[in-house]
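K.L.:
Below are the chains, spelled out letter by letter.
Number of protein chains: 2
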Amino acid sequence: MTVDDTSSLSLDRIEPLAVLSPEVRADIARLCSWKRFGPHEQIIDRQSDTRDLLFLVRGSVRVVIYSVSGRELTLDDLKEGAFLGELSAIDGHPRSASVMSLTETVIASLSAEHFRRLLAQHSDFAMMVMKRLASMVRASTDRIIDLSTLGANNRVHAELLRQARLAGERDDGSAILKPIPVHGDMASRVSTTRETVARVLNDLARQGLVRRERDALVIVDLARLEEMVEEVRGE
Amino acid sequence: MTVDDTSSLSLDRIEPLAVLSPEVRADIARLCSWKRFGPHEQIIDRQSDTRDLLFLVRGSVRVVIYSVSGRELTLDDLKEGAFLGELSAIDGHPRSASVMSLTETVIASLSAEHFRRLLAQHSDFAMMVMKRLASMVRASTDRIIDLSTLGANNRVHAELLRQARLAGERDDGSAILKPIPVHGDMASRVSTTRETVARVLNDLARQGLVRRERDALVIVDLARLEEMVEEVRGE
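Chains Y and B supply the protein sequences, listed in that same order. No gaps in the numbering here: position 38 of the first sequence is 38 in UniProt numbering, and each next residue is one more. No gaps in the numbering here: position 87 of the second sequence is 87 in UniProt numbering, and each next residue is one more.
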């Protein structure tokens, strides 16, 4: 569905565009087509032949791949201010993954042609795009290492640690995950099953390392969880 | 060791530099420091704090990571004409992997500062670099999918298929891998053990799908191997 009131929307909060002037951003906004999605709608279909660059103006999305057996693999979760779809816009090849909205979402699409013109005209913007690509390669490499060297249990520990670090350590050495992480989401991020996630979390609860409250999961001892992960990862 | 005779060496065969004029390439060559390595020497140490971009002028190298347990993971093999080390040169972060020479190798190093200046001045070169980064992301995603959804046996089949496709199909539907792939190299590429690779190859030989000759491994029926891989990958 088309957005009725795009006049109030701008690309000013798209992070990689921050290196451009407000005037250039406004020009880009006029070149975009704007679309609103409800939660859990498909934004990019891996099978589609679009090559546009998409700006995530409002909401959050999940970049996923579905295996033959129907298993969902989460590659990344992106928040307001990100852009996506740059691989196909850059190399012209098919989409490497599907993208689903997690919340109500507003997307602005820029044609690959306009995107490439921007890259050619604004070297600082091109540098931002290269940095984002480099960080994608690094994140993928880390996941390849984890998948190649850690068992599923350890990968769940590592994912829990990642979320706890994002939430921040409190004075008493704990961290609070709120809302409680969905088992299926964690499983999809570390390539295992919901059942394994549930079992590992139960084991950790029995050891007193995590505690489930009504609306939050408390990591009781962040330092101990860090030790467990570092032992196997060798960080 | 320093290269004595660099006068005969140029960057003319470095593929991503092909978009630049011969004069610019010669300028870059003069800014580089040149080094020769014997086979199996370390070119980039993952722990090092260098940020240079490296041109692979002669020879071939392997991009690897060593796990805590000492297991070797091959991320990529690169041939003459490639460049490497671009992640750190772009984002200034530490090296993501180590690089070892496979053969006698000549490397030309360009400082990150000069590299970034080149990117800013030559948008077509920046585009080449973005395409290369995009292909690294795609290859990593494929490996994440394989690691997440295929068993070790199927990953060995898939690696065999990849090598057979590189070698090319012959009129009789076979493909010839020459020299015979080293089990440890295959294991390192698909994150399994040498023993698993040996067992899978033996199984395939028993089924008549591969045949070991004195100096080559013959994939007897490429189409059948393709079917086996497509069945599990869903390509």
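Please keep in mind that the hints were generated in silico from the structure rather than gathered at the bench. There's no promise every hint is true.
Where chain Y lies over chain B, by a calculated footprint (3+ residues, C-beta under 8 Å) [said to hold, decoys possible]:
no.	stretch
1	16-24
2	66-74
3	91-97
4	113-121
5	139-145
Here are some, though not all, of the chain Y residues that point toward chain B, as calculated from beta-carbon distances under 8 Å [what the hints assert, rightly or not]:
no.	residue
6	73
7	96
8	100
9	112
10	130
11	134
Derived Cβ-Cβ restraints for the label pairs, each shown as a range [what the hints assert, rightly or not]:
no.	chain 1	residue 1	chain 2	residue 2	range
12	B	69	Y	208	22 to 30 Å
13	B	165	Y	31	34 to 42 Å
14	Y	60	B	77	31 to 39 Å
15	B	198	Y	79	41 to 49 Å
16	Y	135	B	212	42 to 50 Å
Note that CB positions come from ideal geometry on N, CA and C, so glycine has one too.
K.L.:
For which of the previously enumerated hints does the structure constitute a violation, in increasing order of number?
P.N.:
Of the numbered hints, 1, 8, 9 do not hold.
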